[in-house]
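Residue numbers (the working numbering), protein chains in the order written: chain A, 1170 to 1595; chain B, -13 to 103; chain C, 23 to 468.
To be clear, the hints were calculated from the coordinates, so they are not data collected in a lab. Hints should not be assumed to be uniformly reliable.
Heads up, simulated DSS-like pairs for lysine-lysine below, C-alpha to C-alpha not over 25 Å straight-line [unchecked claim]:
{"#": "1", "chain 1": "C", "residue 1": "311", "chain 2": "C", "residue 2": "32"}
{"#": "2", "chain 1": "C", "residue 1": "357", "chain 2": "B", "residue 2": "29"}
{"#": "3", "chain 1": "C", "residue 1": "311", "chain 2": "C", "residue 2": "44"}
{"#": "4", "chain 1": "C", "residue 1": "32", "chain 2": "C", "residue 2": "44"}
{"#": "5", "chain 1": "B", "residue 1": "-8", "chain 2": "A", "residue 2": "1411"}
{"#": "6", "chain 1": "A", "residue 1": "1300", "chain 2": "A", "residue 2": "1273"}
{"#": "7", "chain 1": "B", "residue 1": "29", "chain 2": "A", "residue 2": "1411"}
{"#": "8", "chain 1": "B", "residue 1": "-10", "chain 2": "B", "residue 2": "55"}
{"#": "9", "chain 1": "B", "residue 1": "-8", "chain 2": "B", "residue 2": "29"}
{"#": "10", "chain 1": "C", "residue 1": "357", "chain 2": "B", "residue 2": "-10"}
{"#": "11", "chain 1": "B", "residue 1": "-10", "chain 2": "A", "residue 2": "1273"}
{"#": "12", "chain 1": "B", "residue 1": "55", "chain 2": "C", "residue 2": "178"}
{"#": "13", "chain 1": "B", "residue 1": "55", "chain 2": "B", "residue 2": "-8"}
{"#": "14", "chain 1": "C", "residue 1": "357", "chain 2": "B", "residue 2": "55"}
{"#": "15", "chain 1": "C", "residue 1": "390", "chain 2": "C", "residue 2": "440"}
{"#": "16", "chain 1": "B", "residue 1": "29", "chain 2": "A", "residue 2": "1300"}
{"#": "17", "chain 1": "C", "residue 1": "357", "chain 2": "B", "residue 2": "-8"}
{"#": "18", "chain 1": "A", "residue 1": "1391", "chain 2": "B", "residue 2": "29"}
{"#": "19", "chain 1": "B", "residue 1": "55", "chain 2": "A", "residue 2": "1391"}
Keep in mind it's a predicted model, so treat the numbers as computed, not measured.
Residue strings, one per chain:
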Amino acid sequence: MDFMYYGDILIVDLEAGTTEEVEIDEAWRAGPVLPAALELFRRHAQDNPLLLGSGILTGTTAPASCLGFVLGASQITGGPAVAPLDMFAGAEMKLSGFSMVLIKGNSPDPVYLWLHDGVADLVDASPITGKDTWRTCDAIREEMGEQLIQVVSIGPAGEAKSDLASFSINYWGSGDNAALGALMGAKNLKAVALRGLGMIDAEDPEEFYNRTMDLLRGSPSKKGFDWVSRGPEDEGIDAWLKPLAHRHRSCFACPCACNTFVKYNEDPAVMGSDGVQEPGLMVTNPAAALWLRQGGWGAEGACRAMEAMTRAGIDAVRGAREMSTGPLEDPTEIAAAVEALTGSAGAAWPRGEGAGSGIFGPRTPPQGSEDRWLEVNRAAYVLGICPLFLVTSGVELSELLELCLPAAGVEVDAGGIKEMFDRARA
Amino acid sequence: MRVKVKPLECTGCALCELACGYHWDEAFSMISSSVMLYRGEEKKGYMGVMVKTPEDLFIGRPEGATAMKLGELQKEGASGGASAKPILIREACDLCESAGLEPQCVAICPQEALYLE
Amino acid sequence: MTAVRGRLGKAERDPVFERYRKAFLFAGPNEGRTTAYPRVAVYTGSGASHSWIWFADLMERIGLYDITFIVESDMSSGGLDGFDFLLVGGGDTYAMAESLGGDGARAILRFVGDGGLYLGSCAGAYLVLTGVDLEPFTPFRLVTGEMRNVMPDPPKPRCLDHKYLARYGEEWVFHPVYGEVEVGPGDAAAGFPCFDAGATIRAPLFGGPIMEGAHKDEVLARFSGLSDRAAFLWPRGDVLRLVDGRAAAVVSSIGEGTVVVSGPHLEHPLFPGANALAAEVLLRHCARKGELGGGRHTPGRGGDKPVGGEEAESLAREIRRQVSNARIVAFGLEKMPVTWRIGLKVWEPEKVRMFLDYAWYRLPFVAKRAALVSPGERLAHLAGGYGEVTQMARSVKARIESGEDSQAEAELLLGTLKELTAAFLSVYFKLRLQERTGLPEKPRTS
Ligand code: SF4
Ligand code: SF4
Ligand code: SF4
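Isolated chain A, as found in the complex (with noise of 0.2 Å):
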């Protein structure tokens, strides 16, 4: 009984410059990652840590299991709070061969994290201290010599510390509506770089796979944003995008593509790649188009808009929101507007808006009842899958919770995971 557990947990004391391994002990494996960690966040507190793991399915054929997190305290609302780690991170997450990554402390010179197949190094982030989030990709890429390893870093806003800080996913907009990325600048951790090539095993491939099968083929395949929005009122950013859209993406194992790529700075239908180096942007947080469309923006400038955030590692939910009533279209103007929102305070996690409550964001659609929201942000945590896929896609929660068995050889359901989450917390 591991909840599929992968590898030891890492504790990286960044004071010190020092990484341990530690053995995942009895207590911990009471429950699967992240109410782990939340016992973990609770027992270090004075250190204030930072957490990074996946959950019990990430990284298999289970539909949408793209999902890992990152958890610390938010200083925008004084708690833990939680982000999620998808795209291609979770997945990578789950394969740098630790299960979890504790990081406590601040350390005394910028560094960056680089997790690979169980090994945990600490590198001078020095050279890369005042980059946007993208220089720092493209950075920690060339010197690791890969460009598929996953890159959760900060930009001039996370080293800021600014309110609106939000760690970046590669070159794109996390679900960082937390400010964690300001805990990542606080901490003087530039980044989180992370790749494995190791197995991901179950319990019971053969039962574990061919339900995961049955599953996808009950998923919907569907594209674009419209079929996640919240509401009526959210509708109509695929319309809106389109004229600028080149191609849908998906998360990892996710049937579905919400993730829209925009061209702006070359014709959108070139599908070549020897054209423009930094052709647009993958929009990943249709609440930031939708912000910025209802405050008159234009999809260009909107989207220009959007990557100079993702670039300054702002929240673009948050920051679109702070914009959202001064439309712009140069792009001289727009980088100068972002630029100045950079240091900015005090933009609270929008709650009371109909999402966003306890250690979560505002990401999950509203759904009926707290209690219900609540339930659904959990199980996608532990389950390891997208909350935006679990909500929308029509497949049953009972089904993903099902998997557990095979994958893992534990039973979970919905009761018990909120009595993990309680028990860790208590």
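Based on these hints, arrange chains B and C with the ligands on the given structure of chain A.
Chains B and C with the ligands alone, transformed into the frame defined by chain A:
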């Protein structure tokens, strides 16, 4: 019969790699599949899918899909000579026959980007 | 066993190996058992490509850990004395013959004459066939056999043009099929368990000889069929007509010695049946001589100073760090010939990861026993070497990405990796061997 690719349908989910890896290794990984998602130029939004067979490589790049004989590919680079051995890291596609399954990548692809012909 | 998983791990755990592990691993009396334990030399010198690693892998599967990796200079300087088996895998036959030269050939002859066993596959087989004219590098001729895959003007291939031909004087050696083939027993394989009840086995043919002319009693295996898991450079019917019934492997006794040659790679790690055929030949050679290893073994040197525990552990960690770094780059390199960029210069990039994988899966075993490695500098050499390999792989990749010629750097990288892999495996097998001497006399049933 072989697996072919409609590259523009692909959304880069990597489920085909996972399914193929499972068929070879009974575990989940993206390191040994015969079908390979190419996603190395992320910033350009560029990606494609390739399938390795004993005789050629079916390359589905966004600009077009084509089968390329392994020899022709080698000519683009330097030659290993007649003594060069195929390496075992990636098996050529066997249409999942060794596992007694229908072609798994085709079955799993949510976007119908892979098909048999 | 190693920590290899997936299909390779499954092949490694195949029950066919039990017979040989029992016979070899637990050979000899409890006291001083290494005196009756076969010593194996694996050729890794000029001309050897990467299949020598497969031989090392096979030896491990059958419980033979006393392995030394030798190069051409070792052979001619009496370095074959004291070995029981000499294994020569695939590669470039001409380069092998040229580097071994007359001295090497005479050393091999003397080795076999003294009761040793020579096992050659693919290039290692061509090297010693009577029908192969390697002037001016002969005399290697140890086994009667003519190549059937030679003609002055071979027809155009259907595919794999680059693997099809090799110059052979005025003629061409050609390879009509590349990949898995089926072989059945020859007269010399009577009673071999791998061919029980009329079974055939699968083995990969990657350019090895298709033979005829050997005495019927010396034919160990004959081509008996084809498989879909192969590339057909000739139309399938023509291939079948050419290979069917021809010798795939031949064994010959020279005095006390044995020479075995095989077109297909019997040592390929995904083919346990073929592995068992090779293992049976080794076992029978030992049995024919009435002993396992014949007491030819010279005990290993002792007395080297191992490094201290902490330092050894930290070196083992450094090796792991660098092998992981290099593997990650190598994985990216693998797909590079198919990044479809014109003018790309890459030399079989998959090989880089293959070499690294062989070390990677054995690292946990070495790391646990790092303090036992002697002399200690060997770990430091490996740590430094793999660090260099990481840098070289990164630089090769960067060159390819920027469209520069990387041929020379890639060759250097592969050469370094080959040496380093042999050095790593030497450490590994030495530790395995040490562990073996601590084994109980009878196999544990687990
Ligand atoms: S639903 Fe969208 S965000 Fe969620 S996994 Fe799928 S592609 Fe990613
Ligand atoms: S058909 Fe099977 S073997 Fe071939 S690429 Fe698809 S999954 Fe792999
Ligand atoms: S499964 Fe289909 S959509 Fe997903 S990566 Fe493979 S080809 Fe593309």
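Against the structure, the hints:
Simply put, residue 311 of chain C and residue 32 of chain C have alpha-carbon atoms about 33 Å apart, too far for the 25 Å limit, and the pair is violated. Only pairs whose Cα atoms come within 25 Å are accepted, and residue 357 of chain C paired with residue 29 of chain B is accepted, the gap being roughly 18 Å. For the proposed pair residue 311 of chain C and residue 44 of chain C, the alpha carbon gap of about 18 Å is at most 25 Å, so the pair holds. Using a Cα cut-off of 25 Å, the hinted pair residue 32 of chain C and residue 44 of chain C holds, with the two alpha carbons roughly 19 Å apart.
For the proposed pair residue -8 of chain B and residue 1411 of chain A, the alpha carbon gap of about 21 Å is at most 25 Å, so the pair holds. Restraint check: the Cα-Cα separation between residue 1300 of chain A and residue 1273 of chain A comes to about 24 Å, which is no more than 25 Å; the hinted pair holds. Between the alpha carbons of residue 29 of chain B and residue 1411 of chain A the distance comes to roughly 19 Å, so the proposed pair stays at or under 25 Å and holds. Only pairs whose Cα atoms come within 25 Å are accepted, and residue -10 of chain B paired with residue 55 of chain B is accepted, the gap being roughly 14 Å.
For the proposed pair residue -8 of chain B and residue 29 of chain B, the alpha carbon gap of about 22 Å is at most 25 Å, so the pair holds. Taking the CA atoms of residue 357 of chain C and residue -10 of chain B, the gap is about 18 Å. The hint holds against a cut of 25 Å. Distance hint between residue -10 of chain B and residue 1273 of chain A is unfulfilled; the C-alpha atoms sit about 49 Å from each other, more than 25 Å. The hinted pair formed by residue 55 of chain B and residue 178 of chain C meets the criterion: a straight-line CA distance of about 14 Å does not exceed 25 Å.
For the suggested pair residue 55 of chain B and residue -8 of chain B, the alpha carbons sit about 19 Å apart, so the restraint of at most 25 Å is met. Annotation: proposed proximity of residue 357 of chain C to residue 55 of chain B holds, straight-line Cα distance about 15 Å (limit 25 Å). Between residue 390 of chain C and residue 440 of chain C the CA atoms are separated by roughly 24 Å; this keeps the pair inside 25 Å, and the hint holds. Taking the CA atoms of residue 29 of chain B and residue 1300 of chain A, the gap is about 17 Å. The hint holds against a cut of 25 Å.
At most 25 Å may separate the alpha-carbon atoms for a hinted pair to count; residue 357 of chain C and residue -8 of chain B meet this at roughly 19 Å. A threshold of 25 Å between alpha carbons decides the hint, and for residue 1391 of chain A with residue 29 of chain B the separation of about 23 Å falls inside it, so the pair holds. At roughly 35 Å between alpha-carbon atoms, residue 55 of chain B and residue 1391 of chain A are farther apart than 25 Å, so this suggested pair is violated.
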